[in-house]
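Asks: Chains as they are written, first to last, in the numbering used here: chain Z, 1 to 319; chain E, 1 to 204.
No lab work stands behind these hints: they were computed from the structure. We put the CB at the ideal spot given by N, CA and C, even for glycine. Some hints here could point you the wrong way.
Under the rule of at most 20 Å between Cα atoms (straight-line distance), these lysine to aspartate or glutamate pairs were calculated in the EDC-like manner [to be verified]:
| id | chain 1 | residue 1 | chain 2 | residue 2 |
| --- | --- | --- | --- | --- |
| 1 | E | 166 | Z | 264 |
| 2 | Z | 161 | Z | 191 |
| 3 | E | 166 | Z | 191 |
| 4 | E | 109 | Z | 191 |
| 5 | E | 166 | Z | 123 |
| 6 | E | 105 | Z | 276 |
| 7 | E | 105 | Z | 264 |
| 8 | E | 169 | Z | 142 |
| 9 | E | 109 | Z | 123 |
| 10 | Z | 295 | E | 95 |
| 11 | Z | 295 | E | 102 |
| 12 | E | 166 | Z | 276 |
Just the calculated beta-carbon pair ranges, DEER-fashion [unchecked claim]:
| id | chain 1 | residue 1 | chain 2 | residue 2 | range |
| --- | --- | --- | --- | --- | --- |
| 13 | Z | 111 | E | 171 | 33 to 43 Å |
| 14 | Z | 304 | E | 89 | 39 to 49 Å |
| 15 | E | 171 | Z | 304 | 15 to 25 Å |
| 16 | Z | 68 | E | 20 | 53 to 63 Å |
| 17 | E | 28 | Z | 102 | 48 to 58 Å |
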Amino acid sequence: MLIRKNKHGELPESEVTDHQIYLNRRQFLNTSATLAAGAILPISLASAAETPAATFKDIAKHDFAKGEQPSSFEAITTYNNFYEFDTSKSGPALLATEFPNKDKPWMVTIEGECDKPGEFHYDDLVRPFTMEERIYRFRCVEGWSMVIPWVGFSLSELIKKAQPNSRAKYVEFTTLYDPKQMPGQNRQVLDWPYTEALRMDEAMNPLTLMAVGIYGQELLGQNGAPIRLVVPWKYGFKSIKSIVRIRFVEHPPQTSWMKAGPREYGFFSNVNPEVDHPRWSQNRERRIGEFLKRKTLMFNGYEEQVAAMYSTMDLKKNF
Amino acid sequence: MMSIKQLKVVVFISALAPLIYLIIALLTNQLGVNPIETLTRDSGLWALRFLVLTLCITPLRWLTGWNKLVAFRRMLGLYVFFYATLHMLLYLWLDQFFDIDEIIKDIIKRPFITIGFFTFSALIPLALTSNNRMIKKLGGQRWKSLHKLTYFIATASCIHFYMLVKADKLEPIQYGLIVFVLLAIRLYKYLNSNRFVKAVSSQV
Numbered sequence: 001m002l003i004r005k006n007k008h009g010e011l012p013e014s015e016v017t018d019h020q021i022y023l024n025r026r027q028f029l030n031t032s033a034t035l036a037a038g039a040i041l042p043i044s045l046a047s048a049a050e051t052p053a054a055t056f057k058d059i060a061k062h063d064f065a066k067g068e069q070p071s072s073f074e075a076i077t078t079y080n081n082f083y084e085f086d087t088s089k090s091g092p093a094l095l096a097t098e099f100p101n102k103d104k105p106w107m108v109t110i111e112g113e114c115d116k117p118g119e120f121h122y123d124d125l126v127r128p129f130t131m132e133e134r135i136y137r138f139r140c141v142e143g144w145s146m147v148i149p150w151v152g153f154s155l156s157e158l159i160k161k162a163q164p165n166s167r168a169k170y171v172e173f174t175t176l177y178d179p180k181q182m183p184g185q186n187r188q189v190l191d192w193p194y195t196e197a198l199r200m201d202e203a204m205n206p207l208t209l210m211a212v213g214i215y216g217q218e219l220l221g222q223n224g225a226p227i228r229l230v231v232p233w234k235y236g237f238k239s240i241k242s243i244v245r246i247r248f249v250e251h252p253p254q255t256s257w258m259k260a261g262p263r264e265y266g267f268f269s270n271v272n273p274e275v276d277h278p279r280w281s282q283n284r285e286r287r288i289g290e291f292l293k294r295k296t297l298m299f300n301g302y303e304e305q306v307a308a309m310y311s312t313m314d315l316k317k318n319f
Numbered sequence: 001m002m003s004i005k006q007l008k009v010v011v012f013i014s015a016l017a018p019l020i021y022l023i024i025a026l027l028t029n030q031l032g033v034n035p036i037e038t039l040t041r042d043s044g045l046w047a048l049r050f051l052v053l054t055l056c057i058t059p060l061r062w063l064t065g066w067n068k069l070v071a072f073r074r075m076l077g078l079y080v081f082f083y084a085t086l087h088m089l090l091y092l093w094l095d096q097f098f099d100i101d102e103i104i105k106d107i108i109k110r111p112f113i114t115i116g117f118f119t120f121s122a123l124i125p126l127a128l129t130s131n132n133r134m135i136k137k138l139g140g141q142r143w144k145s146l147h148k149l150t151y152f153i154a155t156a157s158c159i160h161f162y163m164l165v166k167a168d169k170l171e172p173i174q175y176g177l178i179v180f181v182l183l184a185i186r187l188y189k190y191l192n193s194n195r196f197v198k199a200v201s202s203q204v
């Protein structure tokens with residue numbers, strides 16, 4: 001007899017952490033850590049270790065989803081594809097509660113065909129940029145979608161700082177590889193570490209976002225903390241999570257999903273209701289929380305902003 | 001000690017447990033934020049699980065000599081049909097909203113849907129002949145041959161499962177292995193049986 005063990009992560013009501021406490025858990029941990037550190041370190045050092053509050057306040061807000069209702073915080077944070085943790089939808093939220101480990105500094109390497117390469121601490125990497133909220137539609141290749149209020153900044157600003165040279169035609173991104181923190185990496189479900197890539201013009205498009213938060217809060221582990229890509233006109237898997245490396249390259253890189261299924265996942269993977277995936281028709285989608293399906297929009301509704309980049313390409317061939 | 005009749009009642013009610021669980025979970029919001037996906041997947045999974053149980057009956061009889069086990073086979077088989085029907089209806093209704101054009105396109109274009117469709121179709125004659133009247137009407141041998149379709153259904157179900165999974169093939173492979181073993185036992189038994197030996201020697 002095959003017995004399912006708590007696959008949906010059901011918890012009795014009594015076990016559920018109050019939402020406010022849950023949201024503030026990092027602050028709680030930080031406070032405890034600071035207090036603990038303060039007990040043994042000089043006061044000045046201890047206060048220097050204090051991180052700013054977890055919430056993004058008074059930032060500009062831009063709605064790129066034409067007033068569509070954002071998906072619930074619950075939906076966005078409990079229904080995730082993040083195979084580095086688990087291949088179920090509910091697994092990542094249960095397994096990423098401590099991710100990323102606060103004791104390890106999050107470092108991001110910028111390298112390849114650029115004049116300002118380097119290895120940056122996450123705080124230093126994001127400090128120069130002004131955060132804003134952007135509400136984007138998010139369309140998964142599996143046929144479901146959400147509307148997500150991200151917090152972040154344009155990737156183009158970061159690229160300008162790195163000063164890519166004339167050979168930089170593509171930008172490749174890599175997710176952290178650390179099976180101790182990401183138990184899903186103990187199995188070869190995909191060719192770890194996860195990699196994704198954009199053509200330079202796609203990376204420079206003003207819509208392309210480096211996200212660090214959702215709903216005004218820091219990203220949670222299951223959503224790709226501390227920093228991820230969001231490319232709203234492409235299928236969700238292009239929006240790579242928990243980035244540790246950004247590399248400028250001359251030739252189109254192979255991505256993890258292209259390696260896993262070259263017939264199924266192309267380099268561009270633009271949302272396109274006209275081009276079917278072998279597994280799923282792409283002309284409709286189920287918006288999470290809705291009963292009926294919606295018609296999928298060309299480029300996920302961002303045709304105006306992005307179609308020009310592909311005007312000379314056959315999108316059926318370059319899927 | 002319970003009689004076979006009492007045991008059958010127990011099995012009948014137990015086999016409804018997954019359905020009852022799914023209904024309660026649905027009504028109390030426990031199926032996650034995409035309950036339709038969960039229901040479709042779980043109903044399919046339960047159809048496959050009951051299929052595996054059905055296929056276990058005969059090898060268990062051989063192993064234990066407890067021939068009365070066969071009394072449960074029909075009921076379990078009909079539960080395969082029950083959960084597979086639920087699975088199919090969820091697809092037709094909540095995935096395609098009974099849009100016949102879309103459904104036909106889907107069946108033609110997507111191999112895993114094609115296989116799923118034929119697998120379900122193959123279950124129908126088996127469900128319709130799972131009663132004493134039809135066994136009599138068909139005669140034991142013909143009925144038996146017809147119900148060998150179960151082997152095709154089990155194999156095709158595993159392929160359907162394998163093909164629909166994006167990357168993590170572990171679970172479909174596990175089911176595939178179980179079905180493989182259950183069918184291999186039958187083949188082994190057949191190859192060592194008198195009927196096979198006779199059939200071969202008559203050809204020589």
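Asks: Work down the list of hints and note, for each, if the structure agrees.
Replies: So, going through the hints one by one against the coordinates:
no., hint, verdict
1, E/166 with Z/264, "holds, 10 Å"
2, Z/161 with Z/191, "violated, 30 Å"
3, E/166 with Z/191, "holds, 14 Å"
4, E/109 with Z/191, "violated, 28 Å"
5, E/166 with Z/123, "violated, 35 Å"
6, E/105 with Z/276, "holds, 11 Å"
7, E/105 with Z/264, "holds, 18 Å"
8, E/169 with Z/142, "holds, 16 Å"
9, E/109 with Z/123, "violated, 49 Å"
10, Z/295 with E/95, "holds, 13 Å"
11, Z/295 with E/102, "holds, 13 Å"
12, E/166 with Z/276, "holds, 15 Å"
13, Z/111 with E/171: 33 to 43 Å, "holds, 38 Å"
14, Z/304 with E/89: 39 to 49 Å, "holds, 40 Å"
15, E/171 with Z/304: 15 to 25 Å, "violated, 42 Å"
16, Z/68 with E/20: 53 to 63 Å, "violated, 36 Å"
17, E/28 with Z/102: 48 to 58 Å, "violated, 35 Å"
The structure shown violates the earlier hints numbered 2, 4, 5, 9, 15, 16, 17.
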